[in-house]
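Novice: The lines below spell out each chain.
Number of protein chains: 4
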Amino acid sequence: METVIKIACQDEKGLVHKITGILFEKLLNVTRTNEFVDEAFNQFFMRISFTGDCPADQLHAELKAVLPTDANIRITAPAVKRVVLLVTKEHHCLGDLLIRSQFQDLPFHIEAVIGNHATLEELSRQFQVPFHLISADGLSREEHERLVEKQIDSYRPDYIVLAKYMRILTPSFSAKYMGRLINIHHSFLPAFVGAKPYQQAFDRGVKIIGATAHFVTDDLDEGPIICQDVVAVNHTYSAKEMAKSGKDVEKIVLANALKMVFEDRVFLHQNKTIIFE
Amino acid sequence: METVIKIACQDEKGLVHKITGILFEKLLNVTRTNEFVDEAFNQFFMRISFTGDCPADQLHAELKAVLPTDANIRITAPAVKRVVLLVTKEHHCLGDLLIRSQFQDLPFHIEAVIGNHATLEELSRQFQVPFHLISADGLSREEHERLVEKQIDSYRPDYIVLAKYMRILTPSFSAKYMGRLINIHHSFLPAFVGAKPYQQAFDRGVKIIGATAHFVTDDLDEGPIICQDVVAVNHTYSAKEMAKSGKDVEKIVLANALKMVFEDRVFLHQNKTIIFE
Amino acid sequence: METVIKIACQDEKGLVHKITGILFEKLLNVTRTNEFVDEAFNQFFMRISFTGDCPADQLHAELKAVLPTDANIRITAPAVKRVVLLVTKEHHCLGDLLIRSQFQDLPFHIEAVIGNHATLEELSRQFQVPFHLISADGLSREEHERLVEKQIDSYRPDYIVLAKYMRILTPSFSAKYMGRLINIHHSFLPAFVGAKPYQQAFDRGVKIIGATAHFVTDDLDEGPIICQDVVAVNHTYSAKEMAKSGKDVEKIVLANALKMVFEDRVFLHQNKTIIFE
Amino acid sequence: METVIKIACQDEKGLVHKITGILFEKLLNVTRTNEFVDEAFNQFFMRISFTGDCPADQLHAELKAVLPTDANIRITAPAVKRVVLLVTKEHHCLGDLLIRSQFQDLPFHIEAVIGNHATLEELSRQFQVPFHLISADGLSREEHERLVEKQIDSYRPDYIVLAKYMRILTPSFSAKYMGRLINIHHSFLPAFVGAKPYQQAFDRGVKIIGATAHFVTDDLDEGPIICQDVVAVNHTYSAKEMAKSGKDVEKIVLANALKMVFEDRVFLHQNKTIIFE
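Sequence order for the protein chains is B, F, U and C.
For the first sequence, the numbering used here assigns the number 27 to the initial residue and increments by one for each residue that follows.
For the second sequence, the numbering used here assigns the number 27 to the initial residue and increments by one for each residue that follows.
For the third sequence, the numbering used here assigns the number 27 to the initial residue and increments by one for each residue that follows.
For the fourth sequence, the numbering used here assigns the number 27 to the initial residue and increments by one for each residue that follows.
Rather than coming from a laboratory, the hints here were simulated on the basis of the structure.
There may be inaccurate statements among the hints.
No distinction is drawn between identical chains; accordingly, a pair holds when it is met within one copy or between any pair of copies.
Claimed, not checked - Here are the simulated DSSO-like cross-link-like pairs (lysine-lysine), alpha carbons at most 30 Å apart as the crow flies:
| # | residue 1 | residue 2 |
| --- | --- | --- |
| 1 | K270 | K32 |
| 2 | K39 | K222 |
| 3 | K273 | K44 |
| 4 | K270 | K176 |
| 5 | K266 | K90 |
| 6 | K270 | K90 |
| 7 | K39 | K115 |
| 8 | K39 | K266 |
| 9 | K115 | K270 |
| 10 | K285 | K176 |
| 11 | K266 | K202 |
| 12 | K90 | K222 |
| 13 | K273 | K32 |
Bear in mind the structure is a predicted one, so any value in this text is a computation, not a measurement.
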């Protein structure tokens with residue numbers, strides 16, 4: 027596996043030259059470099075992947091020395107990401123990810139599944155993944171979330187994935203896991219935000235439905251989009267059939283988004299993502 | 027070319043049997059039949075295409091006799107549709123349709139082009155299509171539209187196509203041409219309605235942009251959708267580049283929608299379309 | 027669930043009228059009708075779905091009476107299809123179908139999985155689906171197939187699905203299960219038939235890869251195509267990465283094809299399929 | 027417009043550092059950099075775009091000095107590409123490109139159109155583009171091509187585009203214009219090479235058809251692929267309807283390929299293309 031360096035900083039001339047100078051001096055076996063400048067905000071982004079050993083602290087210090095002040099430098103050693111999934115009743119995204127985790131189709135490991143219903147406990151057990159039922163019955167939103175957070179944190183995950191988790195989150199929850207919390211929304215954002223997007227799609231008579239994977243922020247379904255895709259529908263589809271058809275798009279879009287995130291290809295910027303595929 | 031029968035009526039058992047009985051009795055050379063029932067509204071829709079002669083009036087009367095009261099029966103003899111285009115400054119949809127009309131790629135003929143700017147007069151002239159400049163300068167919306175309507179009506183068109191015509195229409199205009207007025211909107215509805223959809227798409231950081239062809243109603247961009255398609259974009263696209271990329275989707279989506287309409291494959295129902303492809 | 031009538035016969039005028047006459051006379055609650063005529067071969071195809079009771083034998087006899095001689099009439103009562111899967115080492119199609127079967131995302135039940143390697147035994151067990159290891163080691167192709175056939179037949183399946191089963195079948199095997207045997211080929215047929223299609227795709231430098239689900243015939247990868255789809259690739263993809271990317275297309279294409287087959291929407295004709303979606 | 031530097035050479039550590047060092051030293055306003063290493067062949071590719079003045083000769087010399095021997099360095103000043111189109115009878119690709127050239131939708135100018143039939147002379151005239159009829163009647167393939175080459179060369183084009191030009195070229199012709207000759211083939215290569223690909227597609231019963239834009243080499247339809255795309259078809263499509271549907275894919279695929287080529291984003295390597303989008 028590869029080590030990945032992600033750099034985000036104010037742009038200035040010569041950055042690529044300085045950065046690659048350090049890589050060259052260390053004779054790192056660089057496998058891929060990608061860079062992009064958002065000219066409107068004068069922001070520079072670069073991703074470097076390399077194989078072989080290199081003391082991360084030293085590399086970090088040397089990069090810091092040549093980059094603008096406040097440069098964001100992240101060096102990620104090759105490792106499988108620790109992930110906790112939150113689920114409700116729908117099984118398709120959970121099932122798809124349980125298989126991918128078991129067979130390492132993606133570089134992550136599902137540490138646990140937390141559900142606000144017991145529905146998906148059996149499926150998790152089939153994959154020997156710990157399942158925690160944390161029902162919201164009789165609890166306020168805050169009380170419920172505190173229990174969920176406690177359970178999440180006990181696993182020290184790199185990422186928390188809402189795999190068709192249907193509860194609305196508080197701003198406090200989103201803020202706590204900012205940049206680590208990913209959701210799959212069953213519509214092609216920004217169309218059909220909120221509840222029952224397939225019913226909304228049906229009512230509007232669209233000829234295409236979609237799904238969107240995004241980082242979660244305070245605003246419902248408004249966070250930085252990672253990945254989207256669509257599938258054609260027509261007048262013969264009921265809202266229920268649109269939902270059925272949409273499930274395959276949801277699970278593939280979520281998996282594609284997670285692939286980008288787990289391979290450290292994604293930068294967050296101005297409520298959008300920059301992705302070096 | 028084929029004659030097309032379109033039937034829309036309240037559903038009841040035996041309709042297909044009765045309708046095909048009449049076709050059989052007349053030994054019509056039926057090429058295609060399609061039917062659909064919207065069960066929620068108990069509405070039946072059928073399209074029949076046939077070749078060969080058949081007195082339309084007689085056929086209409088016989089169908090009327092076996093169908094529920096108030097059945098909508100339309101029999102369209104093979105004919106090229108008369109079309110008037112409304113344009114503003116962008117050339118891509120106009121250019122694409124001028125070629126399709128000249129070479130009969132679609133069964134329509136552009137009788138005239140009306141522009142609120144002179145920009146596209148030369149392009150129309152290159153195809154020997156009459157161009158009428160009707161500027162809105164110094165006129166109220168209603169005054170301008172009256173002039174446009176007068177010009178449109180002088181050509182007795184079957185359809186009026188807004189080919190990136192950027193003026194907002196009055197409810198009176200939409201109502202007058204209800205069912206004959208088609209627009210191409212440069213977004214994937216219902217996302218990004220109204221002005222500058224590509225700028226909106228850029229600001230939202232979507233990874234897919236699209237275009238939608240629809241019948242025009244009172245509400246801006248809310249009419250029955252005929253056809254939609256998308257294209258992928260990414261962080262390297264400025265709003266301007268999204269617009270450039272979107273133009274190809276717009277012209278193909280519009281052409282595909284017009285193909286469905288001009289081949290009498292489209293039914294309007296509950297602010298949606300039923301399309302027998 | 028619905029009963030489905032599938033009719034294939036020589037075309038003549040009045041068929042839809044006669045068929046729907048029988049449905050009407052029985053006051054069946056017809057939910058959908060689709061018909062198509064292949065004019066080149068003068069062949070008529072029709073699919074009718076209806077709910078409610080109706081003695082199949084009587085219906086069959088009445089239809090036979092009004093249709094051309096040798097008409098093929100199949101009436102399928104609502105039932106979940108019995109399916110046996112054949113697998114080798116790759117897990118993605120098997121895993122996807124095990125989930126769909128367990129949750130009834132498609133109207134089928136996996137009776138058993140037969141593998142020529144032990145690799146996927148655990149995954150089958152996780153879903154409590156019987157797994158039979160039938161290794162080909164030390165056996166001739168015919169001997170091995172006899173054992174596999176015997177195991178398949180013991181389950182009396184409606185369909186046999188080759189879910190990335192990598193052994194080449196004898197003509198005798200294909201002939202025996204003609205019309206019931208479905209394969210997923212990891213290329214966009216007819217490109218890259220045979221072995222290592224992703225390596226072939228990589229060598230050719232294609233910008234799109236795909237997968238094809240088809241009925242199996244004597245000729246390798248030449249049988250009637252049911253469903254195909256593609257995904258974009260580029261110069262940064264190694265053959266291995268193309269294969270990884272292709273797996274998602276394979277599993278979705280296979281599932282879409284099986285949906286069509288299990289819902290009795292597919293007719294075989296002239297080495298192609300007619301599908302009433 | 028931007029100046030583009032394209033570099034292809036044997037890979038070694040430190041190339042990006044050395045190249046960007048030269049750009050930095052000259053304080054060039056770099057707008058985009060992309061690099062890729064084909065590890066199997068140890069080949070390095072880089073594309074740099076920048077605005078502002080810079081003496082190309084001096085830049086070329088300085089780059090040459092730091093790069094491996096035999097490095098291929100091409101510096102292209104901002105300029106609209108001179109293009110000659112070859113056509114036969116089909117109008118859709120020609121029409122689309124004539125519009126794009128007139129309105130500068132792509133950075134190219136159609137200097138002339140050469141047709142082996144007179145069919146498309148009027149369309150070229152509508153756009154005031156010189157048309158040369160060079161019929162092959164009564165001439166050997168070599169004699170005809172000599173006339174065509176002479177006409178092409180008189181315009182000193184950067185690129186020659188076969189816009190549904192149906193004549194088979196001699197190896198001598200392909201060799202002469204190697205790297206500058208682009209064709210649109212009406213199938214999704216490598217499926218259906220050669221003649222009548224839509225008839226082949228129809229006979230095979232595919233559910234998807236496509237088009238491929240590629241550089242022309244000796245082998246028919248075997249050259250490096252630039253761009254491909256597809257569209258869905260079904261059993262209701264005759265070969266003729268597949269061809270009609272395919273035309274839109276052909277013209278868009280060709281335009282997308284030309285955009286990549288005219289923006290100097292394409293490298294040829296091992297009979298494939300590396301494209302920095």
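Novice: Provide an ascending list of the numbers of those earlier hints which the structure does not satisfy.
Specialist: 2, 3, 4, 5, 6, 7, 11, 12
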